[in-house]
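Participant: Read off the chains here:
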Amino acid sequence: MELTKATLERIADIEDKIHAYVTITEDIALRQAEEADDCIRSGNITLLAGVPVLIKDVICTKGIRTTCSSKMLENFIPPYDATVMKKLKAQKTVILGKGNMDEFAMGSSTEHSAFFPTRNPWNLSCVPGGSSGGPAAAVVNNEAIYAIGSDTGGSIRQPAGFCGVVGLKPTYGRVSRFGLVAFASSLDQIGPITKDVTDCALVMNAIAGYDPMDSTSVSYPVPDYTSCLNRDLKGLHIGIPKEYFVEGMQEGVKSALEAAIKKLKELGAEIDWEASLPSTKYALAVYYIVAPSEASANLARYDGVKYGFSEQKASSVIEAMEKTRQLGFGSEVKRRIMLGTYALSAGYYDAYYLKAQKVRTLIEQEFEQAFEKYDALVTPTSPTVAFKLGEKLEDPMQMYLSDVCTLPINIAGVPAVSVPAGFVAGLPVGMQIIGKPFSEETILHIAFAYEQATDWHKREPKI
Amino acid sequence: MLQLWCFWCIKMKLDRKQVEHVAWLARLGLDEAEIEKFAVELSNILENFEILDQVDTADVSPATHAVPLQSVFREDQSSPSYPQSDILTNAPREEENCFKVKPVLE
Numbered sequence: 001m002e003l004t005k006a007t008l009e010r011i012a013d014i015e016d017k018i019h020a021y022v023t024i025t026e027d028i029a030l031r032q033a034e035e036a037d038d039c040i041r042s043g044n045i046t047l048l049a050g051v052p053v054l055i056k057d058v059i060c061t062k063g064i065r066t067t068c069s070s071k072m073l074e075n076f077i078p079p080y081d082a083t084v085m086k087k088l089k090a091q092k093t094v095i096l097g098k099g100n101m102d103e104f105a106m107g108s109s110t111e112h113s114a115f116f117p118t119r120n121p122w123n124l125s126c127v128p129g130g131s132s133g134g135p136a137a138a139v140v141n142n143e144a145i146y147a148i149g150s151d152t153g154g155s156i157r158q159p160a161g162f163c164g165v166v167g168l169k170p171t172y173g174r175v176s177r178f179g180l181v182a183f184a185s186s187l188d189q190i191g192p193i194t195k196d197v198t199d200c201a202l203v204m205n206a207i208a209g210y211d212p213m214d215s216t217s218v219s220y221p222v223p224d225y226t227s228c229l230n231r232d233l234k235g236l237h238i239g240i241p242k243e244y245f246v247e248g249m250q251e252g253v254k255s256a257l258e259a260a261i262k263k264l265k266e267l268g269a270e271i272d273w274e275a276s277l278p279s280t281k282y283a284l285a286v287y288y289i290v291a292p293s294e295a296s297a298n299l300a301r302y303d304g305v306k307y308g309f310s311e312q313k314a315s316s317v318i319e320a321m322e323k324t325r326q327l328g329f330g331s332e333v334k335r336r337i338m339l340g341t342y343a344l345s346a347g348y349y350d351a352y353y354l355k356a357q358k359v360r361t362l363i364e365q366e367f368e369q370a371f372e373k374y375d376a377l378v379t380p381t382s383p384t385v386a387f388k389l390g391e392k393l394e395d396p397m398q399m400y401l402s403d404v405c406t407l408p409i410n411i412a413g414v415p416a417v418s419v420p421a422g423f424v425a426g427l428p429v430g431m432q433i434i435g436k437p438f439s440e441e442t443i444l445h446i447a448f449a450y451e452q453a454t455d456w457h458k459r460e461p462k463i
Numbered sequence: 001m002l003q004l005w006c007f008w009c010i011k012m013k014l015d016r017k018q019v020e021h022v023a024w025l026a027r028l029g030l031d032e033a034e035i036e037k038f039a040v041e042l043s044n045i046l047e048n049f050e051i052l053d054q055v056d057t058a059d060v061s062p063a064t065h066a067v068p069l070q071s072v073f074r075e076d077q078s079s080p081s082y083p084q085s086d087i088l089t090n091a092p093r094e095e096e097n098c099f100k101v102k103p104v105l106e
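Protein chains in written order, with my numbering: chain A, 1 to 463; chain B, 1 to 106.
Since the hints were derived computationally from the structure, they do not count as laboratory data.
Please note that a few of the clues may not be correct.
Claimed, not checked - Using C-beta positions, here's what the derived DEER-type ranges look like:
| # | chain 1 | residue 1 | chain 2 | residue 2 | range |
| --- | --- | --- | --- | --- | --- |
| 1 | A | Asp395 | B | Pro80 | 44 to 52 Å |
| 2 | B | Val72 | A | Gly63 | 29 to 37 Å |
| 3 | A | Val246 | B | Phe73 | 44 to 52 Å |
| 4 | A | Pro278 | B | Glu50 | 13 to 21 Å |
| 5 | A | Ser227 | B | Glu50 | 45 to 53 Å |
As the list claims (entries may be wrong) - Taking beta-carbon pairs under 7 Å as the criterion, some of the chain B residues facing chain A (in silico):
| # | residue |
| --- | --- |
| 6 | Arg16 |
| 7 | Leu25 |
| 8 | Arg27 |
| 9 | Gly29 |
| 10 | Phe38 |
| 11 | Val40 |
| 12 | Phe49 |
| 13 | Leu52 |
| 14 | Val55 |
| 15 | Val60 |
| 16 | Pro62 |
| 17 | Val67 |
| 18 | Asn90 |
| 19 | Pro92 |
| 20 | Phe99 |
| 21 | Val101 |
Said to hold, decoys possible - One side only, chain B facing chain A, incomplete, derived with CB under 7 Å:
| # | residue |
| --- | --- |
| 22 | Val22 |
| 23 | Ile51 |
| 24 | Ala63 |
| 25 | Gln84 |
| 26 | Asp86 |
| 27 | Lys102 |
All values derive from a computational prediction rather than experimental measurement.
Just so you know, even glycine gets a beta-carbon here, dropped at the ideal spot from N, CA and C.
My request is simple: use the sequences and hints to build the entire structure.
Facilitator: Here it is as structure tokens:
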């Protein structure tokens, strides 16, 4: 209860500077905190009992407005809970509210929220990254103890890197997507955003596992993710894929990464600087065909009939749909619906979507081959630190490029975690650790050893 | 100048008419400014996709799932669905327990 009250006070003090929250559920939080206290008193303790969480506003919360930061769902109240919500509620966690994001998770800066942009607590003129910008900003700013995000092309890891917190995208199929508002179904995955690696492991223990409600979730056994956290990296082989040190990368990010990799070596890991994933250069094109194609199909459901925004000043049922979608969606969502509809339309399907899915197979195979040699791969999370608000808003290709290091991981479906690895001009740098499918334990082990040998995660923005 | 303009037209992968057609397929209303903007922006983005033409995918099958999955069958058991009233709570318009839309037939 004290923790919940302290966090709510922090939100009241600081939120008008950050705008991390779309909805604050103070009454629910206080009630849940009381229930959690009762459980703890009766000796019924779970590890997340009473711990306050912020949920990205793309995950359905029964009875709590779930907007996807879109005008389309501004007043949508889900009649059911996502599977992750059921699991977290069973742990007696405390729900503080819903986190701001790019509309329907499409974006890399949270500027595409239909309501307001979120600001980076390290520098209020910079973006927090996206699309899970609200959750990442809240966690580093003590407006939440941890957060749950979603990641389709970097939406957990890139904001975690920009805000200096830990963000994990699990293996595709590791966490149930039931109740996650669909963006690109073959790429979407839910994961934790936390202050440190131990918290990340604890949250994974709570949310991972097969779910009959999500046919793409996998019934692979769930280990205790905290049991792998030790400080020694002896015997681990880590590859550094040279293609990820891209042109246009900030010099400071590069040197921070090189120092971090040296640290991994000191901790006992064997480093190979010559690892290579040559198809990386195709990943951006593959992603921006596959993700918008799937999005255009998924977002067809917003027709103004069953739920959500509805415009009826129209002469026919079709015109009503067109107007509903014209007024309900923001510009980036429209851009991707257009791109995806084009890529899937008659005569273009083979040239775009099918071609992209074939190149995707090649990218997956390269990761498979790399993991025959290495236990993990290490790259920067993003080529730059957080950029200024407005800097990339008018240039979609530049915005897409800020995910160039994270989106190949979704294409391959493998897990990856971003951990704080230094600062450039007062802004955090993220290191991305990538593993083979279902090796979250290995990448969390490496992340933990690195974190314990450094103090980046202990620094807090002065705000 | 005319030459330059023609060159630009040839370079543009999507013209106005195509943008309007795609918007129709997506049931997405667009205003004049958006049609102009998307013709340029989408052409630009599509050009960036040409990099994939370099890849030989003749013997490659398209990706499905990150890990090999087998179809599983569950017992054919019935279970209760959500109550009708819950589902209709978010309906913009309803009548007699149904979603209400504009007339479909003349």
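Participant: All hints are to be evaluated individually against the structure, with a verdict given for each.
Facilitator: Structure-based check of each hint:
Here the CB-CB span from A/Asp395 to B/Pro80 is close to 50 Å, well matched to the stated 44 to 52 Å. For B/Val72 and A/Gly63, the hinted distance range of 29 to 37 Å is satisfied, since their beta carbons lie about 32 Å from each other. A/Val246 and B/Phe73 have their C-beta atoms about 46 Å apart, which keeps the hinted 44 to 52 Å range intact. Hint check: A/Pro278 to B/Glu50, Cβ distance near 18 Å, so the stated range 13 to 21 Å holds.
A hinted range of 45 to 53 Å for the beta carbons of A/Ser227 and B/Glu50 is consistent with their spacing of about 48 Å. Of the supplied interface hints, the one on B/Arg16 is violated, with its beta-carbon coming no nearer than about 13 Å to a beta-carbon of chain A, more than 7 Å. A hinted interface residue such as B/Leu25 counts as satisfied when its beta carbon comes closer than 7 Å to some beta carbon of chain A; here the least separation is about 5 Å, so the hint holds. Taking 7 Å as the C-beta contact cut-off toward chain A, the hint placing B/Arg27 at the interface holds, the least distance being around 5 Å.
With 7 Å as the threshold, the beta carbon of B/Gly29 comes within range of chain A, its nearest partner Cβ sitting at about 3 Å, so the hint holds. The beta carbon of B/Phe38 is positioned within 7 Å of a beta carbon in chain A (closest approach about 6 Å), and the interface hint is therefore held. Here the hint on B/Val40 is broken, as its CB sits about 11 Å from the closest CB of chain A, past 7 Å. This hint holds: B/Phe49 has a C-beta 5 Å from the nearest C-beta of chain A, less than the 7 Å allowed.
Because the smallest distance between the Cβ of B/Leu52 and any Cβ of chain A comes to about 5 Å, under 7 Å, the interface hint for this residue holds. Checking B/Val55 against chain A by beta carbon gives a least distance of about 5 Å; that is within 7 Å, so the hint holds. Here the hint on B/Val60 is kept, as its CB sits about 4 Å from the closest CB of chain A, short of 7 Å. This hint holds: B/Pro62 has a C-beta 4 Å from the nearest C-beta of chain A, less than the 7 Å allowed.
With its C-beta approaching chain A no nearer than about 5 Å, B/Val67 sits inside the 7 Å limit, and its interface hint holds. At about 4 Å, the closest approach between the beta carbon of B/Asn90 and any beta carbon in chain A falls short of 7 Å, and the interface hint on this residue holds. Taken as an interface hint, B/Pro92 checks out: its beta carbon lies about 4 Å from the nearest beta carbon of chain A, inside 7 Å. With a least beta-carbon distance of about 5 Å to chain A, the hint placing B/Phe99 at the interface is held under the 7 Å criterion.
Satisfaction of the interface hint for B/Val101 is found here, the shortest Cβ-Cβ separation to chain A being roughly 5 Å, below the 7 Å cut-off. At its closest, the beta carbon of B/Val22 sits 5 Å from a beta carbon of chain A; the interface hint therefore holds under the 7 Å criterion. Against a cut-off of 7 Å between C-beta atoms, the interface hint on B/Ile51 holds, since the closest Cβ of chain A lies about 5 Å away. The criterion of a C-beta within 7 Å of any C-beta in chain A is met by B/Ala63, whose closest approach is roughly 4 Å, and the hint holds.
With a cut of 7 Å, the hint placing B/Gln84 at the interface with chain A is violated, because the nearest CB-to-CB distance is about 11 Å. The restraint placing B/Asp86 at the interface with chain A holds, with a minimum CB-CB distance near 4 Å, inside the 7 Å limit. Annotation: interface hint on B/Lys102 holds; nearest CB of chain A at approximately 4 Å, less than 7 Å.
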